[in-house]
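If you read the sequences in order, they're chains A and B.
Read in the numbering used here, the first sequence has 355 at position 184, and its numbers run on one by one without any break.
Read in the numbering used here, the second sequence has 641 at position 315, and its numbers run on one by one without any break.
You may find that some hints are simply not true.
Below are the SDA-like pairs computed for lysine to any residue, each with C-alpha atoms no more than 25 Å apart in a straight line [unchecked claim]:
| # | chain 1 | residue 1 | chain 2 | residue 2 |
| --- | --- | --- | --- | --- |
| 1 | B | K609 | B | G576 |
| 2 | A | K393 | B | R388 |
| 3 | B | K609 | B | Y589 |
| 4 | B | K490 | A | L395 |
| 5 | B | K490 | A | S399 |
| 6 | B | K490 | A | G297 |
| 7 | B | K490 | A | M408 |
| 8 | A | K419 | A | A295 |
| 9 | A | K393 | B | E371 |
| 10 | B | K691 | A | S320 |
| 11 | B | K490 | A | F275 |
| 12 | B | K491 | A | G297 |
| 13 | A | K393 | B | N718 |
| 14 | B | K691 | B | N588 |
Derived from the structure by calculation, the hints contain no laboratory data.
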Amino acid sequence: MSRHHESSGQEDSAARISFTIDGETCAAIAGQTIMEAADGAGVYIPRLCDEEGLDPQGSCRVCTVKVNGRPVASCVHPVGAGDVVENDTAEIRGWRRDLVRMLFHEGNHLCPICEASGRCELQAMGHRFETFEADLFPYLQPVRPVDASHPDIMLDTNRCIRCGRCIRASRDLDGKHVFGYVGRGINKRVGVNGIDLSHTDIDLDDMAAALETCPVGCIIRKRLGFFSPIGRRLFDMTPPGTAIQKRKGNSK
Amino acid sequence: MSKTKVIEIEPLTRVEGHGKVSIHLDDNNQVHDARLHIVEFRGFERFIRGRPYWEAPMIVQRLCGICPVSHNLAAAKAMDQIVGAPRLTPTAEKIRRLTHYGQIMQSHVLHFFHLCAPDLLFGFDADASMRNVFALINLKPDLAMQAVRMRKFGQEVIRATSGKKIHGACAIPGGVNKNLSIPERDALLKDMDQMKKWAQGALVIARDYTLENLSMIERFATFSSSYLALVREDGALDLYHGALRAMDGGGNLIFDQADYRNYGDFIMEEVKPWSYMKFPFIKMRGRIDGWYRVGPLARLNCSGYIDTPEAAKALVEFKSLTGGRPNHMTLAYHWARMVEVIHCVEKIGELLNDPDLQGEDLAVKGDRAEEGIGVIEAPRGTLIHHYRVDENDLITYCNLIVSTTNNNEAINRAITSVAKSHLSGAPRITDGMLNHIEVAVRAYDPCLSCATHALGQMPLIVEVFDTSGVLIESRTREK
Chain A
172 MSRHHESSGQ EDSAARISFT IDGETCAAIA GQTIMEAADG AGVYIPRLCD EEGLDPQGSC
232 RVCTVKVNGR PVASCVHPVG AGDVVENDTA EIRGWRRDLV RMLFHEGNHL CPICEASGRC
292 ELQAMGHRFE TFEADLFPYL QPVRPVDASH PDIMLDTNRC IRCGRCIRAS RDLDGKHVFG
352 YVGRGINKRV GVNGIDLSHT DIDLDDMAAA LETCPVGCII RKRLGFFSPI GRRLFDMTPP
412 GTAIQKRKGN SK
Chain B
327 MSKTKVIEIE PLTRVEGHGK VSIHLDDNNQ VHDARLHIVE FRGFERFIRG RPYWEAPMIV
387 QRLCGICPVS HNLAAAKAMD QIVGAPRLTP TAEKIRRLTH YGQIMQSHVL HFFHLCAPDL
447 LFGFDADASM RNVFALINLK PDLAMQAVRM RKFGQEVIRA TSGKKIHGAC AIPGGVNKNL
507 SIPERDALLK DMDQMKKWAQ GALVIARDYT LENLSMIERF ATFSSSYLAL VREDGALDLY
567 HGALRAMDGG GNLIFDQADY RNYGDFIMEE VKPWSYMKFP FIKMRGRIDG WYRVGPLARL
627 NCSGYIDTPE AAKALVEFKS LTGGRPNHMT LAYHWARMVE VIHCVEKIGE LLNDPDLQGE
687 DLAVKGDRAE EGIGVIEAPR GTLIHHYRVD ENDLITYCNL IVSTTNNNEA INRAITSVAK
747 SHLSGAPRIT DGMLNHIEVA VRAYDPCLSC ATHALGQMPL IVEVFDTSGV LIESRTREK
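Chain A on its own, in the form it takes in the complex (with noise of 0.2 Å):
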């Protein structure tokens, strides 16, 4: 599958298709994702593992939509001529919820004192699906040592989500192999490619991708936190989504 959300040259010659989101007919390119097509149709789909310019991955589930009655992952299921998508119905929601919900439980999710608060694609995703019951799950409240060994950058992977956002940003468009997962099953978590941050001989520069793409407050830059103020951080605004469903209209 082709990277996905780069258009080229090509797409003209290529064979359009139409299909539904909830009943909406679109358009799309034949070998594009659901996902791809929807964001071109600007129809948003809900999403944490991925982001534009990004290879997806389809770990995180949260773009789980139903495709002829059937789920599947959105970011990675290629769209079909004909196909009957549902994206935002009641049954779908409480997935994503749920999905929502184990990632808040299944790491150490304190927003009040979290700088990347106003930012964090997980809190945006907490607030859109309304997870606010604390008790349908147990906290697993893992003990995870903070990795602030380098001079400008602290991994705290108590806040990791696991979406590999960073090793995928870090190998293809930082070229620099800054991060990977270790670890199995219920103990997997992202690593450094070293003893710590320190001694992996990077600056800033090398891992500027990487360090963007972070959809938490897991990859962060040392001694900048809470400078923005409340009211006027990315998402207090502009919440996840806001850009592809201006698009609508202006598709094509």
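Following the hints, position chain B against chain A.
Okay, now just chain B, sitting in the frame of chain A:
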């Protein structure tokens, strides 16, 4: 062996947080001791270790929902030293001051009207159904509305500077994260005249209550003590910044203009087994005699003057009651508190007209340090935050001496004093008698959740035991 009966008041009502009082009676129903127990523990000083220092002002403000701004600012003042910013930009300091004055105003108003006014207006012995804010709303609706709107004004000041009324974000290491826009300023300015009038009205209530009931107040938990407060270089009241001044009960200075970064040279803390709240004392006065009081009464006793006109007049009148010597009356805290409300309102008015609040230069930094100590006069008194930070920017040490902790011994003495005068020898303990004890505690406006890190509210339970643990008497009342 003589038997001791213990009466417990648990929890205390109309105070912030959860604590209990135990009163120890001998065979002849004479009170021989009374204690304020802090039975809950939260441990902020421990779990903040290992976190990056710029998180500290945000984490510690979660100690409390009443005065989070005070903790935010005290921690930020400590972090100013960590990032090498001993002097802030004018905009940053004035924004911090503005939010602090809003904080003290709303906290004092909440305490005076919502928590204490029922005692002062309806009497300590009034029926329990009268001793709450709902009775105030029913019987004095205009006053209750003033209280709500004054508190709202203070909260709006906080929201304008911090983004939220409770647990916002204002101070960051080395400064603040926003200035005050012209629309935000104007929205506050339009209420200033009304706030000044109401603050004067509240002062009159507190003053007249004190003067009209002076003979009772002089006998109600009145005792000589030392006092501690931050004062400005010239001795004026300064709630945000200054140096430490301590005076003894006779008004003699124990120390003055002490740099609060050396607080460890002046203040030590003692731990007692029956409370999670520590007992600080002035080092040079020793463990036994070194206890002191903080808060509005201590601040007015320690301050030579106030730099805003109406509060200055009010201070002169307050001090004239005791001929310029320290005022030792526990219930005079209420009057002192309302003097400070006027001061805060006047200061807010001054600041709102200052163009520095619209400045763009918000934060500075310099040479990194490993240790930072921030001290501020919180609504309830002197608040000390002390941190050490390692070379990786993580906090390795934290010590908090919270306002109510400073008043620990004084509150215990106030309880004992009132218990001895009102409970000793009484054949039967009445609800009104127990409320007298709570009135004494309440005067200090203790924030037990801050001091001890307790949470939650429960119905009041009073139990009387003999020394063998047999329950003699038990009463329960819903809060």
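Tested hints:
1. B/K609 <-> B/G576: 18 Å, holds
2. A/K393 <-> B/R388: Holds. A/K393 to B/R388 sits at ~22 Å (cutoff 25 Å).
3. B/K609 <-> B/Y589: 10 Å, holds
4. B/K490 <-> A/L395: 20 Å, holds
5. B/K490 <-> A/S399: The hint holds at about 13 Å.
6. B/K490 <-> A/G297: 20 Å, holds
7. B/K490 <-> A/M408: 16 Å, holds
8. A/K419 <-> A/A295: 21 Å, holds
9. A/K393 <-> B/E371: 22 Å, holds
10. B/K691 <-> A/S320: Judged against 25 Å, a Cα distance of about 21 Å means the pair holds.
11. B/K490 <-> A/F275: 24 Å, holds
12. B/K491 <-> A/G297: Measuring from Cα to Cα gives roughly 22 Å; hence the hint holds.
13. A/K393 <-> B/N718: Cα-Cα ~10 Å, so holds.
14. B/K691 <-> B/N588: 22 Å, holds
Violation of the numbered hints given earlier is absent; every hint is satisfied by the structure.
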